[in-house]
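Using the sequences and the accompanying hints, generate a full structural model.
2 protein chains.
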Amino acid sequence: MGQYRKHVFVCTTGATCPTQADTEGFVKTMRAAIAKAGLHEEIRINKSGCFSQCGNGPMVVVYPEDVWYAAVRAEDLEEIVRSHLLGGHPVERLLYRPGKPGPNVLAKKDRR
Amino acid sequence: MGQYRKHVFVCTTGATCPTQADTEGFVKTMRAAIAKAGLHEEIRINKSGCFSQCGNGPMVVVYPEDVWYAAVRAEDLEEIVRSHLLGGHPVERLLYRPGKPGPNVLAKKDRR
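Residue numbers (the working numbering), protein chains in the order written: chain A, 1 to 112; chain B, 1 to 112.
The set of hints was computed from the structure by calculation and includes no laboratory data. Among these hints, one or two may not hold up.
Straight-line distance between alpha carbons at most 25 Å, and here's what the computed SDA-like set of lysine to any residue pairs gives [to be verified]:
no. : chain 1 : residue 1 : chain 2 : residue 2
1   : A       : LYS6      : B       : GLY102
2   : A       : LYS47     : B       : GLU65
3   : B       : LYS47     : A       : THR29
4   : B       : LYS28     : B       : LEU39
Covered stretches of chain B, as calculated for chain A (at least 3 residues, CB under 8 Å) [to be verified]:
no. : stretch
5   : 19 to 26
6   : 43 to 55
7   : 59 to 69
8   : 82 to 90
Built from N, CA and C at the ideal position, the CB exists for glycine as well.
This is the structure we're talking about:
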């Protein structure tokens, strides 16, 4: 048995995600929203290192359900929290669908 | 669909785990073992922030299966890699069983 119903990992210390957005700020924003909902004992938001998907981020991963989000912006966080973390419905438009498992580091020329 | 068959998170930047052992070294050791086994595309080892289990660590968590290890020592890593990550059999003697979900921060007087 795990400790959390949902355990969210945000890439904050990889080489790329933190250059694309204030991902440390993502953690603060989501933690505050979860605390406000009174669910900090069931839902944990964590900082994480690189997931080897560089160029596709900022990356946010929700375990144990194994839902991956890519290219997350600060303005998406409210929907991720409301729809997915609190409501149980992943945000389809933000789902990461690279078409293959494993590492998936984009060449610099292919990055947005 | 997630990116990794096993995604391992080691607390390296919490306030307590890194004081109990060289948990950055845990990441290096496990990554090297996974690379040697040729499985770095299927098994990812990540650094992580605090899981709010302070005093029970060093903590190592394996998702998506949601297997938690506590009080991990450097000399346990070979068995975790061989038995669990490569062999599929979690190491029973190291499993974290606090008896309750959620945060579980030990008072300083109760820590080993």
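- Message: Please list, smallest to largest, the hint numbers that this structure does not respect.
- Response: 5 and 8
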